[in-house]
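Between the sequences and the hints, there should be enough to build the whole structure, so can you do that?
Its first residue numbered 0, the sequence shown is counted upward by one per residue in numbering that gives the first Met the number 0.
With a Cα cut of at most 25 Å, we get these calculated SDA-like pairs of lysine to any residue: (1) K24 with L37; (2) K24 with Y39; (3) K24 with A36.
If you are wondering where the hints come from, they were derived from the structure by calculation, not from laboratory data. All values reported here derive from a predicted model rather than from experimental measurement.
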Amino acid sequence: MEAEIGVHIDVELGVGVDVDVKMSKIIRSLIRINIAALAYSIYQILMFMEASHIARISNKRRGYKIKAKDKK
0 MEAEIGVHID
10 VELGVGVDVD
20 VKMSKIIRSL
30 IRINIAALAY
40 SIYQILMFME
50 ASHIARISNK
60 RRGYKIKAKD
70 KK
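Pasting the structure below:
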């Protein structure tokens with residue numbers, strides 16, 4: 000236990016500040032990358048939903064009907 004406590008104190012005093020600064024920069028960049036990826040995936044999902052909605056509308060305009068409604 001004494002050796003582990005000593006190592007922790009040495010790391011915190013010696014390199015703690017530099018590591019914290021570097022880690023915070025890395026974490027910030029990772030968060031930015033995650034937000035960008037999330038926004039892009041949401042954008043893709045919305046575009047896909049809009050495209051399928053437009054396809055449904057155009058199919059209705061052409062006279063195609065959904066087969067489930069025709070069976071009734």
